[in-house]
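**Q** Line by line, the protein sequences give chains E, A and C.
Residues in the first sequence are numbered from 1 upward in steps of one, following full-length UniProt numbering.
Residues in the second sequence are numbered from 1 upward in steps of one, following full-length UniProt numbering.
Residues in the third sequence are numbered from 1 upward in steps of one, following full-length UniProt numbering.
FYI, nobody ran anything at the bench for these hints, they're computed from the structure.
Careful: at least some of the hints might be erroneous.
[What the hints assert, rightly or not] Once the Cα atoms are required to be at most 20 angstroms apart in a straight line, the calculated SDA-like pairs of lysine to any residue come out as:
no.	chain 1	residue 1	chain 2	residue 2
1	E	77	A	33
2	E	77	E	95
3	E	77	E	94
4	E	77	A	317
5	E	77	A	318
6	C	264	C	239
No experiment lies behind these values; they were computed from the predicted model shown.
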Amino acid sequence: MTADPSMPAVSRRSILGALAGFGLGAAIRPTRAAASATRIASLGGAVTEILWRLGAGPRIAIVDTTSVYPAEALREKPNAGYLRALSAEGLLSVGPDLVLAAEGAGPPAVLDQIREAGIPVAIITDPPTAEGVLHKIRTIGQQVGLEAAAESLCRTVEAEFAALSQRRARIARPARALVVLSLANGRVMAGGRDSTADGILALAGLHNAAEGLSGFKPITDEAIIAAAPDAVIVMANGGHALAADTVFAAGTALAQTPAAARSCLVAMDGLALLGFGPRTPETATALMRAVYPDLPRD
Amino acid sequence: MTEDRGRAVSVFAGLGLLVSAILLLSLGLGAISIPPMRILDILGGGSGSSDPTWARDALVVLNLRLPRTLLGLMVGAGLAVSGALMQGLFRNPLADPALVGVSAGAGLAAAAVIVLGDRVLAALSIPGSMPYLALPAAAFLGGLATTYGLYRVATRSGRISVATMLLAGIALAALTGALTGLLVFASNDRQLRDLTFWSLGSLSGATWTKVATSAPAILPILLTVPFLGRGLNALVLGEAEAFHLGIAVERLKRIVIVLVALAVGAGVAAAGVIGFVGLVVPHVLRLLIGPEHRRLLPACALLGGALLVLADIIARLVVAPAELPIGIVTAIVGAPVFLWLLLGRGALADA
Amino acid sequence: MPECLRADGLAYAVAGRHLVEDIDLTIEPGRIHAIVGPNGAGKSTLLRLLSGELTPSRGGVRYGGEPIGAIPPWRLAVMRAVMPQAQRLAFPFSAAQLARIGLDGIGRGLSRRARDAIVDDSLRRADADHLAHQAYPTLSGGEQARVQFARALCQLAAGRTLAMQQVLFLDEPTASLDLRHQTALLDVAAELAATGTAIVAILHDLNLAAAYADTLVVMQAGRIVARGTPATVMRDELVAAVFGVPWRVGQVQEGGRPFILPRKTASARS
Numbered sequence: 001m002t003a004d005p006s007m008p009a010v011s012r013r014s015i016l017g018a019l020a021g022f023g024l025g026a027a028i029r030p031t032r033a034a035a036s037a038t039r040i041a042s043l044g045g046a047v048t049e050i051l052w053r054l055g056a057g058p059r060i061a062i063v064d065t066t067s068v069y070p071a072e073a074l075r076e077k078p079n080a081g082y083l084r085a086l087s088a089e090g091l092l093s094v095g096p097d098l099v100l101a102a103e104g105a106g107p108p109a110v111l112d113q114i115r116e117a118g119i120p121v122a123i124i125t126d127p128p129t130a131e132g133v134l135h136k137i138r139t140i141g142q143q144v145g146l147e148a149a150a151e152s153l154c155r156t157v158e159a160e161f162a163a164l165s166q167r168r169a170r171i172a173r174p175a176r177a178l179v180v181l182s183l184a185n186g187r188v189m190a191g192g193r194d195s196t197a198d199g200i201l202a203l204a205g206l207h208n209a210a211e212g213l214s215g216f217k218p219i220t221d222e223a224i225i226a227a228a229p230d231a232v233i234v235m236a237n238g239g240h241a242l243a244a245d246t247v248f249a250a251g252t253a254l255a256q257t258p259a260a261a262r263s264c265l266v267a268m269d270g271l272a273l274l275g276f277g278p279r280t281p282e283t284a285t286a287l288m289r290a291v292y293p294d295l296p297r298d
Numbered sequence: 001m002t003e004d005r006g007r008a009v010s011v012f013a014g015l016g017l018l019v020s021a022i023l024l025l026s027l028g029l030g031a032i033s034i035p036p037m038r039i040l041d042i043l044g045g046g047s048g049s050s051d052p053t054w055a056r057d058a059l060v061v062l063n064l065r066l067p068r069t070l071l072g073l074m075v076g077a078g079l080a081v082s083g084a085l086m087q088g089l090f091r092n093p094l095a096d097p098a099l100v101g102v103s104a105g106a107g108l109a110a111a112a113v114i115v116l117g118d119r120v121l122a123a124l125s126i127p128g129s130m131p132y133l134a135l136p137a138a139a140f141l142g143g144l145a146t147t148y149g150l151y152r153v154a155t156r157s158g159r160i161s162v163a164t165m166l167l168a169g170i171a172l173a174a175l176t177g178a179l180t181g182l183l184v185f186a187s188n189d190r191q192l193r194d195l196t197f198w199s200l201g202s203l204s205g206a207t208w209t210k211v212a213t214s215a216p217a218i219l220p221i222l223l224t225v226p227f228l229g230r231g232l233n234a235l236v237l238g239e240a241e242a243f244h245l246g247i248a249v250e251r252l253k254r255i256v257i258v259l260v261a262l263a264v265g266a267g268v269a270a271a272g273v274i275g276f277v278g279l280v281v282p283h284v285l286r287l288l289i290g291p292e293h294r295r296l297l298p299a300c301a302l303l304g305g306a307l308l309v310l311a312d313i314i315a316r317l318v319v320a321p322a323e324l325p326i327g328i329v330t331a332i333v334g335a336p337v338f339l340w341l342l343l344g345r346g347a348l349a350d351a
Numbered sequence: 001m002p003e004c005l006r007a008d009g010l011a012y013a014v015a016g017r018h019l020v021e022d023i024d025l026t027i028e029p030g031r032i033h034a035i036v037g038p039n040g041a042g043k044s045t046l047l048r049l050l051s052g053e054l055t056p057s058r059g060g061v062r063y064g065g066e067p068i069g070a071i072p073p074w075r076l077a078v079m080r081a082v083m084p085q086a087q088r089l090a091f092p093f094s095a096a097q098l099a100r101i102g103l104d105g106i107g108r109g110l111s112r113r114a115r116d117a118i119v120d121d122s123l124r125r126a127d128a129d130h131l132a133h134q135a136y137p138t139l140s141g142g143e144q145a146r147v148q149f150a151r152a153l154c155q156l157a158a159g160r161t162l163a164m165q166q167v168l169f170l171d172e173p174t175a176s177l178d179l180r181h182q183t184a185l186l187d188v189a190a191e192l193a194a195t196g197t198a199i200v201a202i203l204h205d206l207n208l209a210a211a212y213a214d215t216l217v218v219m220q221a222g223r224i225v226a227r228g229t230p231a232t233v234m235r236d237e238l239v240a241a242v243f244g245v246p247w248r249v250g251q252v253q254e255g256g257r258p259f260i261l262p263r264k265t266a267s268a269r270s
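The shape of chain E in the complex, shown without the other chains:
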């Protein structure tokens, strides 16, 4: 386990996550039929990503709109719509034999109707921690009968997390970072406590500058200045990233932060950053390198 005692908030959540995962693992033991499922409805960005990594891509029958990685998923597979606004008949129309859904998929009545149709539905819990990612991979592996592949992927990811943890230990003074989900009309939507943004910052050895917020919230100009982030992280969805001169445009609050002075702007793919899948250690490492350029290479 890579729980880091220097980050009590994260480790407490990870224990909770592990507990929840344990309970769920017992509750949704895969049936033989599900383990050999060939038409999987994969709902949730991380779920699709993990299935793909396990080599189960061809067994996926339908995905949801949040399944943006790998890009083939949405290009090749039918689209079931948004994760939380699914249609029972739409899902059934592709003839799935297993539904793997991220936590929060719904509406709940639709999932009930799918179960009613005799199709197993497994909910994959989503704690934004290293343990959460590993548990997710194992659960999905079990569900689709690819335990060995899942175990090997887990070992890789676990090793990456361990390496990440060692690198993190070398950080003398954690930098403050602000995760900007959107920057519309000068209004900044930032990731605060109890958000996936908070989780990835913790993994990358960064201190969440927006700790005063809870979840993703609009943040005021003054709060941005008070937060004094050393780095600003923006989303690079679909290849469109905000340029530094836009984010740090003269006169804006962001322009008056240490991040602007250092010109420290990191653009990252939204799902990679906040999705908590197998790419998470890689993303966290990239994030760490971008913010701490002086950190010794391995």
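Keeping the supplied structure of chain E fixed, place chains A and C upon it in accordance with the hints.
**A** Relative to the frame of chain E, chains A and C by itself:
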């Protein structure tokens, strides 16, 4: 008089045909294509035991499409009749069911459950997440509570002032809108998406349970329709005139408000906020068969039900296997139709 | 003397101000009662009290000896009809549909043919039969008034099968009518009175009131200041005192009905 009756008869016959046709379409169309003969077989209680896809098709028709269609019929009929009743009660052709505050209150309560539900559970250290019946139940109760509040504000010495109710309704809508905005602010990304989808309405996830729980709130307004037309006709002349004509005006107003609050509250609870049905359907029908409520109200029930089911068919076909929120479809179709009506009838609206 | 409607010590106050007070009035069957008086004298308030629309703050109204508060609306509708002042309508009811609303409630026991006949007859008597299929909101003010009159006639006709005594209230029925329709409407009222219906009409035109009324009720500042036959009530002093105009009352030979001629006021001569 007789040509008038002839016209009404043909309009009702047309509406009957429309409802039947749309019912068949709704049962026959969907992301899964099922041959019409098989649908009839399934509805007739057949058991194609030999065919492996039979069970799935039977489930789709009987447990997905049928409850969804029935719920759509009920909600649409309830909304359209409520709209006609509100327009009659307020003697204003632009009134809609939202005026009794149901939608605003239901929306606020739903937002509260979506945003605060899990936090409240956590605070009370109850494990698990909010049971999902909590959302429709809260929406329903929130709608009724708001209407009751409005009703109290508008009642002076036993009389309901319709004008006060209208103004208070606007103030209350602003207040609940602001409180909902506060909840939106407090929500996280996921809750925000939920709020958005909920406020656009959908018949997705219609189950027999939903049909059964909505029916007791929506059927009363539909079943009372034959008894309300006469009173509404008189009320349109004015409250004093209705009293002169022998109508127990206060009782009628109270009954109408309660029925509308129940029906719209249940509709919002079951399918979210669906606009324009309550506004446009009575208008279209007034052009076709005139404003006489004994004809207008049952015609509204038929056309309202048919149109909502039709909108639902569109909502689930255009982006299949995903589906659009139904409120988007009703507004995209309803708003231009309404504007066109206003253009064509501008002179009359000013009269 | 028989009476079908009686008010005793009637008063109505809003926010401490009395709109009418000390009203004792008897409405007799078969007679036309014209209520006259200047603006704000309380004529309409009195009419609304008598028709049961308002509840008096003091005193009471009785129909055939029964207190009005004890009579349910549907039974009251059988005993009296009201033709209101001109009003708008937001919905395009046809004139025939609007007239028919008058008998929808109380005419339920009648056959469809009987109801159709009542609607046709009422529209014809109100000289609105040619308007039957036109939308009410598109009619002129005078035409609308005639359709409302037809509606009141429908209600009376339907109620006649159920009630012994009926009262027809008319609130300024002639206000927007031309001369021909003014007399036509009041002629119909007189015909109804001849068959036993009591008529209570607010009239602004003193000459019409004098020509048609059996009893003239003169109101001023919320009280009845004179009542009686037009010949006994209409006097120069009363017209001057109540209406504030120095007009002279004359008298035509036939029937001894008084009349009044307007005269340009002296101070306005320059």
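**Q** Determine which of the earlier numbered hints do not hold for this structure and return their numbers in increasing order.
**A** none
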